[in-house]
Amino acid sequence: MADERYLDLSVTAFLDGLATRERAPGGGSAAALTVAFAAGLVAMVARSSRVVWDEAPGIAAQALALQDRAAALAGSDAEAWDEAVSALSAAGNGGSAEGNGARRDFELEQKLARAAAIPLEIAELGADVALLAADAGEYGNPAYRADAAAGAALAAGGARAAAHLVEVNLGMRAGDERLERARASEKAAAAAAERLLAAIG
Amino acid sequence: MLRSDEPVAVSRLSTLTDAELVERCRGGEADAWNELVERFSRYVYAIIARGFRLGAEDAEDVFQEVFARIYTHLDKLRDESALRPWIAQLTRRLCLDAVERRGREQPTGEVQEEGRDEVEEIDEAFAVREAVTTLPEACQEILDRFFARDQSYRTISSELDLPAGTVASRIARCLRKLRDELEGRSEPAGGSRE
Numbered sequence: 000m001a002d003e004r005y006l007d008l009s010v011t012a013f014l015d016g017l018a019t020r021e022r023a024p025g026g027g028s029a030a031a032l033t034v035a036f037a038a039g040l041v042a043m044v045a046r047s048s049r050v051v052w053d054e055a056p057g058i059a060a061q062a063l064a065l066q067d068r069a070a071a072l073a074g075s076d077a078e079a080w081d082e083a084v085s086a087l088s089a090a091g092n093g094g095s096a097e098g099n100g101a102r103r104d105f106e107l108e109q110k111l112a113r114a115a116a117i118p119l120e121i122a123e124l125g126a127d128v129a130l131l132a133a134d135a136g137e138y139g140n141p142a143y144r145a146d147a148a149a150g151a152a153l154a155a156g157g158a159r160a161a162a163h164l165v166e167v168n169l170g171m172r173a174g175d176e177r178l179e180r181a182r183a184s185e186k187a188a189a190a191a192a193e194r195l196l197a198a199i200g
Numbered sequence: 000m001l002r003s004d005e006p007v008a009v010s011r012l013s014t015l016t017d018a019e020l021v022e023r024c025r026g027g028e029a030d031a032w033n034e035l036v037e038r039f040s041r042y043v044y045a046i047i048a049r050g051f052r053l054g055a056e057d058a059e060d061v062f063q064e065v066f067a068r069i070y071t072h073l074d075k076l077r078d079e080s081a082l083r084p085w086i087a088q089l090t091r092r093l094c095l096d097a098v099e100r101r102g103r104e105q106p107t108g109e110v111q112e113e114g115r116d117e118v119e120e121i122d123e124a125f126a127v128r129e130a131v132t133t134l135p136e137a138c139q140e141i142l143d144r145f146f147a148r149d150q151s152y153r154t155i156s157s158e159l160d161l162p163a164g165t166v167a168s169r170i171a172r173c174l175r176k177l178r179d180e181l182e183g184r185s186e187p188a189g190g191s192r193e
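Line by line, the protein sequences are chains A and B.
All residue numbers for the first sequence refer to numbering that gives the first Met the number 0, where the first residue is 0 and numbers rise by one.
All residue numbers for the second sequence refer to numbering that gives the first Met the number 0, where the first residue is 0 and numbers rise by one.
Chain A on its own, in the form it takes in the complex (with noise of 0.2 Å):
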């Protein structure tokens, strides 16, 4: 299914493809889609929000381009995982050639790496999303307070679930600039969450 554009499919079917034993899409496009549906909650707020708070249309724009880029990603993240998956599976058979040895190792690395720049985005996205979140709950129309907080839920879920990732993808050892910039995501969304969430009680 990782050559299919989960975009063009309906929910049903999307939801069904995560459910088979296929290892793509997986927890990368879950997590990429998770924080795109936590961006429209927050343009959903923000377009609600027009009278009580001058920067809500500017707000929904934001939140509009991180929908975007988040959804884009649930594709491109199922794309690098199964090259990066295949890549391991001929390294682990010994490859094709003899004394192409380093070569491939080299383009191992390529698509582990990228196979790791992905959620790190996706990680970056959910931070996003998170903030302008807690923005949308604090300033936004009171009644749709909820709504935000749930968005805020949803994008530091995703941004967790997308560093761990990285972290896994690589096996990256600590100190590793990517993965510190994951989890400083991580940590951004969830204390964007926790503060909303803790001011609505």
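A few of these clues could be false.
Listed next, the stretches of chain A that the computed footprint assigns to chain B, with coverage defined by at least 3 CB atoms under 8 Å from CB atoms of chain B [what the hints assert, rightly or not]:
hint: 1; region: 67-79
hint: 2; region: 180-189
Label pairs and their calculated CB-CB ranges [what the hints assert, rightly or not]:
hint: 3; chain 1: A; residue 1: 71; chain 2: B; residue 2: 154; range: 13 to 23 Å
hint: 4; chain 1: A; residue 1: 174; chain 2: B; residue 2: 165; range: 27 to 37 Å
hint: 5; chain 1: A; residue 1: 87; chain 2: B; residue 2: 133; range: 45 to 55 Å
hint: 6; chain 1: B; residue 1: 96; chain 2: A; residue 2: 141; range: 52 to 62 Å
hint: 7; chain 1: A; residue 1: 105; chain 2: B; residue 2: 70; range: 47 to 57 Å
hint: 8; chain 1: A; residue 1: 176; chain 2: B; residue 2: 70; range: 46 to 56 Å
hint: 9; chain 1: B; residue 1: 154; chain 2: A; residue 2: 105; range: 51 to 61 Å
hint: 10; chain 1: B; residue 1: 148; chain 2: A; residue 2: 167; range: 21 to 31 Å
hint: 11; chain 1: B; residue 1: 36; chain 2: A; residue 2: 141; range: 52 to 62 Å
hint: 12; chain 1: A; residue 1: 21; chain 2: B; residue 2: 148; range: 26 to 36 Å
hint: 13; chain 1: B; residue 1: 165; chain 2: A; residue 2: 15; range: 41 to 51 Å
hint: 14; chain 1: A; residue 1: 176; chain 2: B; residue 2: 13; range: 48 to 58 Å
hint: 15; chain 1: B; residue 1: 154; chain 2: A; residue 2: 22; range: 25 to 35 Å
hint: 16; chain 1: A; residue 1: 21; chain 2: B; residue 2: 158; range: 32 to 42 Å
These are calculated hints, taken from the structure and not from any lab test.
Virtual Cβ for every residue (Gly too), placed ideally from N, Cα, C.
Take the given structure of chain A and dock chain B to it, following the hints.
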């Protein structure tokens, strides 16, 4: 007021309105022509490539033909301020000619409609791009980073040395300025006798 016989730096020409630029081109100023090509080449190319998806060879031919016709028919443009819609119309017509020449299977009517929708989108994108250039530099910078370079709030905050929690709010305020700028504009309808 600039006079056509004064030497004018190209950078200064870039501040002229379309109508003023047309006037200078008609006066035979080479620099004004350069500015016109510079100002509209991306626009023309966007219509050719995105609106009609012409192949490289056809695209090159249409691109050159558009500017050749602008050069030879600029005197026929009735409303100087309607330069952009005139160029769009001219480009669209030449693209359709190219499509017909290639004898594509797609009926011309459909191509025309598709091209028109795309050109409207391109027009809108160029209007936004133009409006962005009128905003304060700080706004241009932050909008470019967020919407064009897809940078995160954290990156923007760190590179522009802004408090992390204020980036989204600043972007929102800049978008409001952009909206005001766009709403204050009115695109005049135009055409030519060509």
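Can you tell me whether the CB distance of residue 87 of chain A to residue 133 of chain B sits inside 45 to 55 Å?
Cβ of residue 87 of chain A to Cβ of residue 133 of chain B: about 52 Å, so the range 45 to 55 Å holds.
Could you check the hint for me, namely that residue 96 of chain B and residue 141 of chain A are 52 to 62 Å apart, CB to CB?
Taking Cβ atoms as reference, residue 96 of chain B and residue 141 of chain A lie about 59 Å apart, which means the hint holds.
Would you say the C-beta atoms of residue 148 of chain B and residue 167 of chain A sit inside 21 to 31 Å of each other?
The hinted range 21 to 31 Å holds for residue 148 of chain B and residue 167 of chain A, with Cβ atoms some 28 Å apart.
Is the gap between the beta carbons of residue 105 of chain A and residue 70 of chain B within 47 to 57 Å?
At roughly 52 Å between Cβ atoms, residue 70 of chain B and residue 105 of chain A fall inside 47 to 57 Å, so the hint holds.
Range hint 48 to 58 Å (beta carbons of residue 176 of chain A and residue 13 of chain B) holds or violated:
Violated: the Cβ-Cβ distance is about 41 Å, outside 48 to 58 Å.
In this structure, is the beta-carbon distance linking residue 165 of chain B and residue 15 of chain A contained in 41 to 51 Å?
holds, 43 Å
Falls inside 27 to 37 Å, the C-beta gap from residue 174 of chain A to residue 165 of chain B?
holds, 30 Å
Return holds or violated for the Cβ distance of residue 21 of chain A and residue 148 of chain B against the range 26 to 36 Å.
This hint holds: roughly 34 Å between Cβ atoms.
Is the hinted range of 51 to 61 Å satisfied by the C-beta distance from residue 154 of chain B to residue 105 of chain A?
violated, 28 Å
Outcome, coverage hint (the region 180-189 of chain A, chain B; C-beta under 8 Å; three residues)
Holds: 3 residues of the region 180-189 of chain A have a Cβ under 8 Å from chain B.
Residue count check for the region 67-79 of chain A against chain B: does it reach three with CB-CB under 8 Å?
Result for this restraint: violated, n = 1.
Does the Cβ pair residue 21 of chain A, residue 158 of chain B satisfy 32 to 42 Å?
holds, 40 Å
Hints 1, 9 and 14, counting from the list given before, are not met by this structure.
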